[in-house]
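J.: One-letter residues, chain by chain:
Protein chains: 2
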Amino acid sequence: MNFSSKILEESVNALSSLPGIGKKSALRLALHLAQDNSDKANRISFALAKLAKDICKCKKCGNISDFDLCEICKAPARQNSILCIVESARDVMAIEDTNQFKGKYHVLGGVISPLDGIGPQDLSIDLLLQRIKEENTEEIIMAISPTIEGETTIYYITKLLKNLNIKVSIIARGVSFGGDLEYADELTLGRSIVSRVPYQIEY
Amino acid sequence: MNFSSKILEESVNALSSLPGIGKKSALRLALHLAQDNSDKANRISFALAKLAKDICKCKKCGNISDFDLCEICKAPARQNSILCIVESARDVMAIEDTNQFKGKYHVLGGVISPLDGIGPQDLSIDLLLQRIKEENTEEIIMAISPTIEGETTIYYITKLLKNLNIKVSIIARGVSFGGDLEYADELTLGRSIVSRVPYQIEY
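Line by line, the protein sequences are chains A and B. For the first sequence, our numbering gives the first residue as 1, with consecutive numbering after it. For the second sequence, our numbering gives the first residue as 1001, with consecutive numbering after it.
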């Protein structure tokens, strides 16, 4: 690409380092910002500088936070006895958006994946075991993706918890609400028949 | 969305103000930057701050530039007598990438579009007429999109140039190279037959 401006070129190079944004998209964004009169470029610049400087991980659960302890860990109204184990901070947000969980979280920071060179020591499993002992956890909900790596991670953690007298559950798997049975994959549909639940209505 | 971090929320709001980037994409980008260790957020922040502060328009042609005069207007090797008229700075880059044009450019800043409230007075047409007189322009190439608005703009400018004894040409329109005739639209295909050119081979 022939840039008539070095400044524009630097912006395009910086923006195209983002995932899913190629050179052409980055150019479109940079040109939009260069020709925009509403101070948008400054606002983004300021927000990202703050992101780079001030954001940290919650020391307790590993969630993304502005302080040493995240809002969820600090909240007095949330149950300490139920712990939801997730892969990433994105998953915490997804579950929080459902408004169905009032316990606390533990962010592993990934799943066990030998092919990618990620072993149990790379995840915050030690911290999890320590928390369980300190906080007298009664139930653990495994909200981890139903992939091979996810299942391996669930199996690994459950084995570690064997002698701790803790109830371990995994989130329900089956066909999606609003989804068409025709388009559900065989494995999901098969499993949803095997693990069918009683249908209850009130008379 | 439930954000556990105000800083993250601000970054998501800022990034989602970009065209084509919604809340979910912005969240993905912000989380990537928050969890990245390679100082990417700082680099983008710095580049965009510079973009907001230092980028300007070339006073002569309207192209995006780091200085009062752009690299193309300053280049002594480029012909002053041919002027290529384009809608935007993006089009200058597209034409420069072809390496087929060695004249100078004039960026209109849009096309005449009554529906969007853009009239001739909103485009840099006055500046164009002034340039033509000062620079003794001999030929003008209209490299404007073949839309209704584009055609209107070409017609309007050509009428203004009527008494100036200048050769006016438009870029060739027809089927794309590598394109399938089957998928070319009727108008393009029809026009490409009407404006067919002699086929020349060397013996």
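Calculated from the structure, these hints are not laboratory results. Here the structure is a predicted model, which means the values were calculated and not measured. Watch out, some of these pointers could steer you wrong.
Said to hold, decoys possible - Computed from the model, here is a short list of chain A residues facing chain B with C-beta under 8 Å:
id: 1; residue: Leu8
id: 2; residue: Ser16
id: 3; residue: Leu18
id: 4; residue: Gly22
id: 5; residue: Ala26
id: 6; residue: Leu31
id: 7; residue: Ala49
id: 8; residue: Lys59
id: 9; residue: Leu69
id: 10; residue: Gln100
id: 11; residue: Asp116
Said to hold, decoys possible - Per label pair, the in silico range of CB-to-CB distance:
id: 12; chain 1: A; residue 1: Ser145; chain 2: B; residue 2: Arg1090; range: 32 to 42 Å
id: 13; chain 1: A; residue 1: Thr147; chain 2: B; residue 2: Asn1002; range: 42 to 52 Å
id: 14; chain 1: A; residue 1: Asn163; chain 2: B; residue 2: Asn1002; range: 44 to 54 Å
id: 15; chain 1: B; residue 1: Asp1180; chain 2: A; residue 2: Asp185; range: 26 to 36 Å
By construction, the Cβ of each residue, glycine as well, lies at the ideal position given by its N, Cα and C atoms.
J.: Check each numbered hint against the structure and report the violated ones by number, ascending.
T.: 2, 4, 5, 8, 9, 10, 11, 13 and 14
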